[in-house]
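Asks: Sequence:
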Amino acid sequence: MENFNTILSICRVAMENPNPTLTGHIKRLVAKLRSKGDERNALSLEKLLDSQEEDTTLVPSRITLTKPSISWGEKLTKAVKPPVDKETGNILAEIIFPENEKSKPIFDHAFETALDSMLYEWKHADLLRQNGIITPLSCLLYGAPGTGKTKTAFYISDKLSLPIVIARLDGLISSFLGTTARNIATLFDFANRYKCVLLLDEFDAIAKIRDDPHELGEIKRVVNTLLQCIDNRISNGFTIAITNHEKLLDTAVWRRFDTKIHIPKPNSEVRKKLIASFSHELNDTEISLLAWITIGFSGADVETLCNFIKRKNILSKEKICLIENLRSYVYLNDGVLIPEMKEILASDNESMAYAILHSSNGLFTQEKIAMLFSKDKSTISRWLNKNKEKSHE
Numbered sequence: 001m002e003n004f005n006t007i008l009s010i011c012r013v014a015m016e017n018p019n020p021t022l023t024g025h026i027k028r029l030v031a032k033l034r035s036k037g038d039e040r041n042a043l044s045l046e047k048l049l050d051s052q053e054e055d056t057t058l059v060p061s062r063i064t065l066t067k068p069s070i071s072w073g074e075k076l077t078k079a080v081k082p083p084v085d086k087e088t089g090n091i092l093a094e095i096i097f098p099e100n101e102k103s104k105p106i107f108d109h110a111f112e113t114a115l116d117s118m119l120y121e122w123k124h125a126d127l128l129r130q131n132g133i134i135t136p137l138s139c140l141l142y143g144a145p146g147t148g149k150t151k152t153a154f155y156i157s158d159k160l161s162l163p164i165v166i167a168r169l170d171g172l173i174s175s176f177l178g179t180t181a182r183n184i185a186t187l188f189d190f191a192n193r194y195k196c197v198l199l200l201d202e203f204d205a206i207a208k209i210r211d212d213p214h215e216l217g218e219i220k221r222v223v224n225t226l227l228q229c230i231d232n233r234i235s236n237g238f239t240i241a242i243t244n245h246e247k248l249l250d251t252a253v254w255r256r257f258d259t260k261i262h263i264p265k266p267n268s269e270v271r272k273k274l275i276a277s278f279s280h281e282l283n284d285t286e287i288s289l290l291a292w293i294t295i296g297f298s299g300a301d302v303e304t305l306c307n308f309i310k311r312k313n314i315l316s317k318e319k320i321c322l323i324e325n326l327r328s329y330v331y332l333n334d335g336v337l338i339p340e341m342k343e344i345l346a347s348d349n350e351s352m353a354y355a356i357l358h359s360s361n362g363l364f365t366q367e368k369i370a371m372l373f374s375k376d377k378s379t380i381s382r383w384l385n386k387n388k389e390k391s392h393e
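Residue numbers (UniProt numbering): 1 to 393.
Any given hint could be a false lead.
As a list, the in silico DSS-like pairs of lysine-lysine whose alpha-carbon atoms are at most 30 Å apart [stated by the list, open to error]: (1) 195 <-> 159; (2) 104 <-> 86; (3) 310 <-> 104; (4) 75 <-> 151; (5) 388 <-> 342; (6) 342 <-> 375; (7) 265 <-> 32.
The set of hints was computed from the structure by calculation and includes no laboratory data.
When you get a sec, could you build the whole thing from the sequences and use the hints?
Replies: Encoded structure:
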């Protein structure tokens, strides 16, 4: 879009005093830019909306809300030392404080709406208590590795303006099960004392110890200690558990969490946003190609690919065609791409151009394909006709 920087500046000034009409116009402009394939500029406006969004957008009409605050617990400062194992002195958790400059994770719109709804309740737990409603403050995040579960937990703590206390459950489990139960109790005593978000990472570790045929009585005590600690904290502090292996958790564990959120692998639109945020040097057509090729990728997979391409471009004296970078990545990272995309990238340029045109549901025109291969349109047309003849033989 011509003069976009000027438009963005005007929107930024206007959003200092936002109103529904203004944000509505900007959202429509975002949709129009995205419909024309201008993902980069759409993302810039979207970030502006996110950064200026007011908490009052979801406020019930009959209640005046004050600034979100938590009345229970002591303030957790950087002077407070983390909890430790009383015998060995080993640290049981890491404390990380919110950072205003931390970038917001990129979510699917429906997922973000649901998450913000939960956060709105959590932010105003005190107000709900004053009205006789106790809000459960526990959440289980699950999904495939690399989908952003930990980033989501950090996003939640940042939105609550609270430090996050991270305990990796597999690290708490000792060969001495009696020590494990005591460490779990020590961890929760610490979290219950302070205003914080308790993050239980690798939560499925508690399920894995149940497979141990030895000391069944002690294992049961460890599990019961954990479940009781979660129960006692459910209305007195924010608790988030993370697992890549939700099927290992039995129903007794699932019941402890009022909210269970599955974080899926990013869809095409989210992948476009991720790629645009990781690789500012790519144009919209290149971003669309990467988003199409990376179907089935996790967010971490997308970031790894973008970093690979950036490294290759930095180290090369001449700009490398994106197609060639993708082919190199496939050979060095077997098993990441789905078979269909791997087959397309393994073919010659002529066959690949034909596949891109006919397998992408009209996403790429001949002009865009010519840009991707750094060829003129007549060359691409000749390639396509040649492969069309082959397909009819």
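Asks: Hint by hint, say whether it matches the structure.
Replies: Hint-by-hint comparison with the structure:
no. : hint        : in the structure
1   : 195 <-> 159 : holds (14 Å)
2   : 104 <-> 86  : violated (37 Å)
3   : 310 <-> 104 : holds (22 Å)
4   : 75 <-> 151  : holds (23 Å)
5   : 388 <-> 342 : holds (21 Å)
6   : 342 <-> 375 : holds (23 Å)
7   : 265 <-> 32  : holds (26 Å)
The structure is inconsistent with hint 2 alone, although it conforms to all the rest.
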